[in-house]
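J.: Here's the letter readout for the chains.
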Amino acid sequence: MKNLAILLLTAVLGSGLASCTKQKFKNASSSPSHAPGSKDGNDPAANKTPDDPKEEGMLVWKRYRAFEKGLMAGLELSKDQLCQEIETFNCIDKVHLTVLGGNDPFENGQHERAERPSVLTAVAVSRVLMAACSQRADLDLQAGSAGASVFKHFDLGAAAPTDAQIQAQATELFQRLLARDPSTEELSAIVDAKGNFASNRGLAVGICYAVGTHVENIFI
Amino acid sequence: MSRNKINRRNFLKAGGASALLGGMPLGLNTVGQAQDGGEKKFCFVIAAAGGASILDSFMAQSTGPTAFETLTQIPGSPLVAVPALENSIQGAIDLGNGYEQATFLNKHGADTLAMTNEVTSVNHIIAAKRAITGDNVNSGRTICEANAIAHGGSCILPNLGLGVGGYALHGDDDTIPAIARAEPITDPLMFAFATHGFKGIKGSLDDKDIAAARALRTQLESVSGFAKEFEASKIMDVYMKNRDSLVSQLEKGDSIGKLMLLDPATADLSAFGTSMTGDMQQVIAKFPNIAKDPYEAKMALSFLAAKNGMSNSFTISPNLAPLIEATGSPNTPIAFDWSHVDHRGAQNAMWSYVLKSVDALIDLLKETDIDGDPQKGKMWSKSMIYIATEFGRDKIADGGSGHHLNNGNVIISPMMQGNKVFGGVDTTTGFTYGFNAETGEPDQNSKMTEKDVYSAVAHGLGIAFDGRKDKPAMVKG
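Residue numbers (the numbering used here), protein chains in the order written: chain A, 667 to 886; chain B, 345 to 821.
Just so you know, the hints here were simulated from the structure itself, not pulled from any lab data.
Note that the structure is predicted; figures quoted are calculated from it, not measured.
Backbone N, C-alpha and C define an ideal beta-carbon position, used for all residues, glycine too.
No incorrect hints appear here.
Covered stretches of chain A (in silico footprint by chain B; criterion: 3 or more residues with CB under 8 Å from a CB of chain B, positions within the stretch not fixed): (1) 746 to 756; (2) 784 to 790; (3) 800 to 808; (4) 873 to 883.
Derived, one-sided and incomplete: chain B residues facing chain A with beta-carbon distance under 8 Å: (5) ASP531; (6) ASP553; (7) LEU664.
So that you can see chain A by itself, here it is in the shape it has in the complex (with noise of 0.2 Å):
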């Protein structure tokens, strides 16, 4: 019973020695007067308009509970077959959580997020498309043609396939994954890299970690 009510006091006190004066800390650090670009600087960066919709503020980045969510949804694959690392932990949740563009105040004491992708993000974003495409792809190959949701457009495991039904499964790809339809240059070049495939399989996963991977996924 104390060591409860001592964890649970650990758990109040910490996050009330994060939480009680964060918006001081904001409005702190919002205010860099050392800062190069700063507005009472010099430098002409300055004077830009700060959210720019081409240069930054249009753009979200996709963290990772909703790229969770979308891949899940795009490949029908549960939370647990999605992505485990060596098939036991979460490469969302626990893994690659905060290159995600997630944080872990409990156990790490991380308050706050990080405000765009770091330099591993697009490793953990690779990982996890590698897991959840190999993972479709193989789940379609045993349900066989009949009974394949995701890579049905051609055998994963038979003689090459043909354009159009190449081009048929990237259409189901851009559309699982990027919720649109791919443009006529886009099917060109996905028809002319089959040939840097080694297998049928490989053109599967190698087209859906290519468009699962593009910044589109990453970005909205």
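Chain A is already provided as a structure; the job is to place chain B on it using the hints.
T.: Quick look at chain B alone, frame taken from chain A:
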């Protein structure tokens, strides 16, 4: 006092600004080579979160309001040690690891100094950030960001963030290269996975197919209406440059195999085409509890990242949760801030907890060559350990303590004048006072601030910046 010229500063700023959009390693731009010829130096900020009082460690007093009944005098040294006390959490759980401060000083006292200060905030988050930015004395750069820029030119991921609270925040200088920002780490045991885009994933494409898929993505993005519409977006541009330049470099360096700390006894790594680090025996010898103590895991990962040339700057905090087992807990709830409830118990146990780990880290650094090259010398010869903390505590000997601006810091490095105390303590009040930066003589009329502490660390590391408050008395050479 500044020894740096404005044009040099502006040059560095310009280099930083030009590198902001690029994710290239620092060694590929001018910034990383601008100071000390880009020589690699290591900076470990050990974030003693919660308010570590210097009066409960190497500047402890035998008289006055903070007096201890027993202190250990270190022969030939002004530094003193507080014995490991019998502590508990609320009388219910044994507290502390029993590590003696005297053990630390006997091993590393020659490289250890204490300097006094009086900081400017008793708010945890604000004070923590000021402790690592020197209250923005260096244009808002944290000391680790500055060290990554100055001495991390050869490192692909120079700055690792393993801190809590305000120590987990980046600095306020938006002109620095993105790669100099601390990379936030969720789980040190599995951080290795975060350094490779596909290895260790069952059913993953092989290298050739991955290259084809990435080339296809580049093709798709080049004709994407979305990418064209937002091609001026900085956030997207930085992301793409980091992705296209750094991911493959990380993968080629096989960091995943060098940093893996998962125990194969509990995780079948071979089934996933990977394995634990080849340095596991070395780190386990010093950090035997990495599987259950996140703080030890953070220290072990930092050493491995430094040893393997990936990083040179680290901010590391003990976790805020106690590691309660049947035998007790080596650390307190909410780290040093447990002092609100039990000042002596919290300070004594947490200083032992922190110093034991720093002792182990120094041992590893002393036995390991820089970049594995004996010609470059041991890692310790180019290492700086700054035990940062937010503020001090009320000057008391019993009960719980509140926050207090008045305090001091511990710095350990062969590049500093060790075995010294810079400043002093008014034994009637328990307040610390400053010193003469040129001579090192105590000066009851002076006070050192966060700016001075940051400047001392930067001076020792050879990090130049306009406005640095030099401390020639503290730095060797």
